[in-house]
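6 protein chains.
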Amino acid sequence: MLDLPAADLDAETAAYFQKCMEKLGFIPNVLAAYAHDLAKLKAFAAMYNDLMLAPSGLSKLEREMIAVVVSSANRCYYCLAAHGAAVRQLSGDPVLGELMVMNYRAARLPARHAAMLDFAWKLTETPHAVVDADRAALTAAGFSDRDIWDIVAVTGFFNMSNRIGIGTDMRPNAEYHAQAR
Amino acid sequence: MLDLPAADLDAETAAYFQKCMEKLGFIPNVLAAYAHDLAKLKAFAAMYNDLMLAPSGLSKLEREMIAVVVSSANRCYYCLAAHGAAVRQLSGDPVLGELMVMNYRAARLPARHAAMLDFAWKLTETPHAVVDADRAALTAAGFSDRDIWDIVAVTGFFNMSNRIGIGTDMRPNAEYHAQAR
Amino acid sequence: MLDLPAADLDAETAAYFQKCMEKLGFIPNVLAAYAHDLAKLKAFAAMYNDLMLAPSGLSKLEREMIAVVVSSANRCYYCLAAHGAAVRQLSGDPVLGELMVMNYRAARLPARHAAMLDFAWKLTETPHAVVDADRAALTAAGFSDRDIWDIVAVTGFFNMSNRIGIGTDMRPNAEYHAQAR
Amino acid sequence: MLDLPAADLDAETAAYFQKCMEKLGFIPNVLAAYAHDLAKLKAFAAMYNDLMLAPSGLSKLEREMIAVVVSSANRCYYCLAAHGAAVRQLSGDPVLGELMVMNYRAARLPARHAAMLDFAWKLTETPHAVVDADRAALTAAGFSDRDIWDIVAVTGFFNMSNRIGIGTDMRPNAEYHAQAR
Amino acid sequence: MLDLPAADLDAETAAYFQKCMEKLGFIPNVLAAYAHDLAKLKAFAAMYNDLMLAPSGLSKLEREMIAVVVSSANRCYYCLAAHGAAVRQLSGDPVLGELMVMNYRAARLPARHAAMLDFAWKLTETPHAVVDADRAALTAAGFSDRDIWDIVAVTGFFNMSNRIGIGTDMRPNAEYHAQAR
Amino acid sequence: MLDLPAADLDAETAAYFQKCMEKLGFIPNVLAAYAHDLAKLKAFAAMYNDLMLAPSGLSKLEREMIAVVVSSANRCYYCLAAHGAAVRQLSGDPVLGELMVMNYRAARLPARHAAMLDFAWKLTETPHAVVDADRAALTAAGFSDRDIWDIVAVTGFFNMSNRIGIGTDMRPNAEYHAQAR
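Residue numbers (this note's numbering), protein chains in the order written: chain Z, 561 to 741; chain Y, 561 to 741; chain C, 561 to 741; chain B, 561 to 741; chain F, 561 to 741; chain D, 561 to 741.
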């Protein structure tokens, strides 16, 4: 694991970490890893919070499902552990979390979710081959252009964070494994 | 192309776009595309500017070389056009830009750059297979742990932005093609 | 799910299923699925029980680790659920089970296990490329020729059963998910 | 080649080998290789004989065609030699055997066989991507659910035995090469 | 770069090289590389000139588009540099040349060209999977059987020359990079 | 099969076909297929005859071994049938021909041939990844620069002709199958 010494936290970051402790009981290791450089940490957290928590035509659970399916394609241990837990928690369905980790095609998903995840998988595995017909399949499944943006953006984001997790050999907090089983 | 109506620019964004016009003569289409939602635009710009422009053990040219090689692996038209131009410009070597677009292995690179780009390629193409030995090869090529973080982070970022470019069918500004030929 | 009507159980099979109920509390769905044809069920069970339970230079846990890593490569939901649970149970280490499901390369394994799983992965993903050097790596890691046979045989077996699980859309028993968390 | 010393044959195995000598003129090397452990040999032979010789909606030739196409995908020398000979023999058409070895898509097959082999190929090469639509294509080609089970089971079996053949570097008996040319 | 000493040019070859100098201002390095053996040079030049310059239902630009797309799939620096320039020149559209190098799917091509390049890409990347339906798609796009021959032949030729370029580490003439920008 | 009407043969071509009849007893279908256009036929035959029959540091058998291994990678029925026969004939070893078709790695080849075929396979399957180290492995195995040229050229040629065989659905002459068994 790439272990860079943490910077001194400024007030904003200290408050953010404090909020993590209160809400989660721990500071996610991805934030601790980024804490070697506060500018990088803030940029990452701002993008993450906007993508995963801001209003969107996609529910928070849907965004977490994309997160796990992308991480499954890329086999990122950190993100599978952390976001697999989030799917279990948000859905109240532990089996759904396992299915997203193991193979989303084995889940008996409604057409909307199958289309969404088929797109995310293709954009992850063979981005060069994505064409208008792929976007049209999302439109046909009821997604607006803004929804498509959000599917693309979440897919893109986890293709980034999977590579940061794997590239730095990041370890998930132990707490994730037992959550919402 | 996914064409979402631009939001009203706030003062900060208007100033940023104004600075683009002054420095580049145009507003990069990726920023225009993000302008449908200022929170997303700002998060993207903050991360981009930190990664590509802030102090780092990697030169700006090295970061642009990674950007183009990742985009070559993923075959992202937008990023190859925009960052291919950046490599030509920063290096003063138009052929180097072409080599990064076409196949970096054909370039006769110093060992440092070959190691850096081999790592970026592997983390892009087969992230699941990256192991300690891959990081050790970077250390052996003279990169510090912080440099490795930056190689990982730039590689990750363009794996995101390539998918945003392709997923939304983004078009590069016409100006890039002729720059620094 | 391919749902073939069960045959009438003969005494031997009924006793086997009874033993499952006593030891596990349920009949594994793979056995129920095979029960449409007792000859097939018996052949499958005989091979499975010999491979996974008979004396071997590989511990039962090691055999289950191979089972999960092969199933991870092939993304078989049934086998990941069932054998992931077995790794958690036999090792007493729930995180090890998750690591085998998600990406065994992220586990900090002793050299013996890394060599064993690297071989199983390669024989699964690119069987055509396996050569003497791959067997030599197992020998160097301390495996005897008979151990290598067993690694090969377990890897082969799960390449079969993964395809039976996926090809018939088999569903794991609900009990596996919560076991040994 | 992994060469484990043969166990002392019990009466049942000796009789089985005797029957091979009478019917084939030789003992298939796969059986000789398994003879280091009679329990393993019997489990393998029981499964093989049930799958390839028991009554089924698939003819014996059809099962051998699947065997060769799976072995072609995995490039298993042993199985291609042995089962290529079986296709030549059962079909009385030496060119059909060559086509199954070389590329089944070049054969001008009836729709039933094309559907059967397309399914076997996909389940072999990209098992994770097999979905209901793939089974539906078999149903549309006239296969019953029990036939689909058999297609899946034969495909699975040769994905196992190919890996045992390659993993132990097994050599086909010289007799196969000239059979039924 | 594989650098074999040039043979003494015979009159025919000297005239051919002279013509190159007059028309292009330089001798393409591929011809210089082949000049170590005049029989090989003449066979290569004869095939190249027939394929790319002789009358055909495909325009010269269309043949060059195939050349670049095949070279993009194979990532051949020499051919991308040389034939990318040819597309720019013949089309008078520098951006079209870039699109063929970077990702032809991002170009908004007429259906005829999309069909032609989809076929060339598939025949390059997965030749074993090409079937009648792929040829039928060309027929549906208006190509005659003779046109299909020419698409196949140009695709085949650049799959050869890409491998000669890469295999011998051939360097493109510097002149190509700036042409027709 | 793409079936273009043959052109009227000129004297040179008629004599060439006559020679085929005398030496082989038939006209190879690839030549018949090319006979729709004599310029194309002559260019193909000239290149083929030079590559496969002219003096070289590689024996004719070695060149045919490369031909079959490349055709095995690409799964070209025509070339595997025709050149598999050539390997059987030139080597007097029918099993060697089968091994080249099925998986050359299963053959127990001298180091020279293993190095030659490993290079041909890599240049066929992942041309973009071939680097100086791959050429150095050939040098270390005793090949001169001119030999390397010939390995590259034969590999390239069959990457072309495989795609012409598959792309036009060419059928091998029936005679090949039984030759030299």
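The set of hints was computed from the structure by calculation and includes no laboratory data. From a predicted model like this one, the values you see are computed outputs, not experimental measurements. Cβ coordinates follow ideal geometry from the N, Cα and C atoms, glycine included. Mixed in with the good hints, there may be bad ones.
[Claimed, not checked] Footprint (simulated), chain F over chain D, 3 or more residues, beta carbon under 8 Å: (1) 586-592; (2) 599-608; (3) 625-636; (4) 721-735.
[Claimed, not checked] EDC-like cross-link-like pairs, simulated, lysine to aspartate or glutamate; straight-line CA separation at most 16 Å: (5) C:Lys682 x C:Asp692; (6) Z:Lys682 x Y:Asp729; (7) C:Lys602 x C:Asp568; (8) C:Lys682 x B:Asp610; (9) F:Lys602 x D:Asp610; (10) C:Lys602 x B:Asp692; (11) Z:Lys682 x Z:Asp694; (12) B:Lys682 x C:Asp692; (13) Z:Lys602 x Z:Glu572; (14) C:Lys602 x C:Asp570; (15) C:Lys682 x B:Asp729; (16) F:Lys682 x D:Glu685; (17) B:Lys682 x C:Asp610; (18) Y:Lys620 x Y:Asp610; (19) D:Lys682 x F:Asp694; (20) B:Lys583 x B:Asp597; (21) Y:Lys602 x Z:Asp729; (22) Y:Lys602 x Y:Asp653; (23) F:Lys583 x F:Asp570; (24) C:Lys583 x C:Asp694; (25) Y:Lys583 x Y:Asp729; (26) D:Lys602 x D:Asp568; (27) Y:Lys620 x Y:Glu735; (28) Z:Lys602 x Y:Asp610; (29) Z:Lys620 x Z:Glu572; (30) Y:Lys682 x Z:Asp729; (31) D:Lys682 x F:Asp568; (32) Y:Lys579 x Y:Asp563; (33) Z:Lys682 x Y:Glu685; (34) D:Lys602 x F:Asp610; (35) Y:Lys620 x Y:Asp653; (36) B:Lys602 x C:Asp610; (37) Y:Lys682 x Z:Glu572; (38) D:Lys620 x D:Asp610.
Practice problem: Mind checking the alpha carbons of C:Lys602 and C:Asp570 for me, to see if they're no more than 16 Å apart? | Solution: 11 Å, holds
Is it true that the CA of D:Lys602 sits at most 16 Å from the CA of F:Asp610? 10 Å, holds
Margin query: Just to be careful, I want the Cα atoms of Y:Lys579 and Y:Asp563 compared with a cutoff of 16 Å; is the pair within it?
Written below: 23 Å, violated
16 Å Cα cutoff - pair Y:Lys602, Z:Asp729: Not satisfied, since the Cα-Cα distance of roughly 29 Å exceeds 16 Å.
Against the 16 Å threshold, does the CA-CA distance of Y:Lys620 and Y:Asp653 hold or violate the hint?
Holds, because 14 Å separates the two Cα atoms, which is no more than 16 Å.
key: Proposed proximity, D:Glu685 with F:Lys682 (alpha carbon, max 16 Å)   = 14 Å, holds
Proposed proximity, C:Asp610 with B:Lys602 (alpha carbon, max 16 Å): 10 Å, holds
> Would you say the segment 599-608 of chain D counts as covered by chain F, given the rule of at least 3 residues with C-beta under 8 Å?
Replying inline: holds (count 7)
message: Please verify whether Z:Lys620 and Z:Glu572 have alpha carbons no more than 16 Å apart.
response: 25 Å, violated
query = When you check the alpha-carbon spacing of B:Lys583 and B:Asp597, does it fall within 16 Å?
reply = Given that 16 Å is the threshold and the Cα spacing comes to 23 Å, the pair is violated.
Is the hinted pair Y:Lys620 and Y:Asp610 satisfied, with a Cα-Cα distance of at most 16 Å? 11 Å, holds
> Between Y:Lys682 and Z:Glu572, does the CA-CA distance stay at or below 16 Å?
Replying inline: 36 Å, violated
Comparing the model with each numbered hint stated earlier shows that hints 1, 8, 10, 12, 17, 19, 20, 21, 22, 23, 24, 25, 27, 29, 31, 32 and 37 do not hold.
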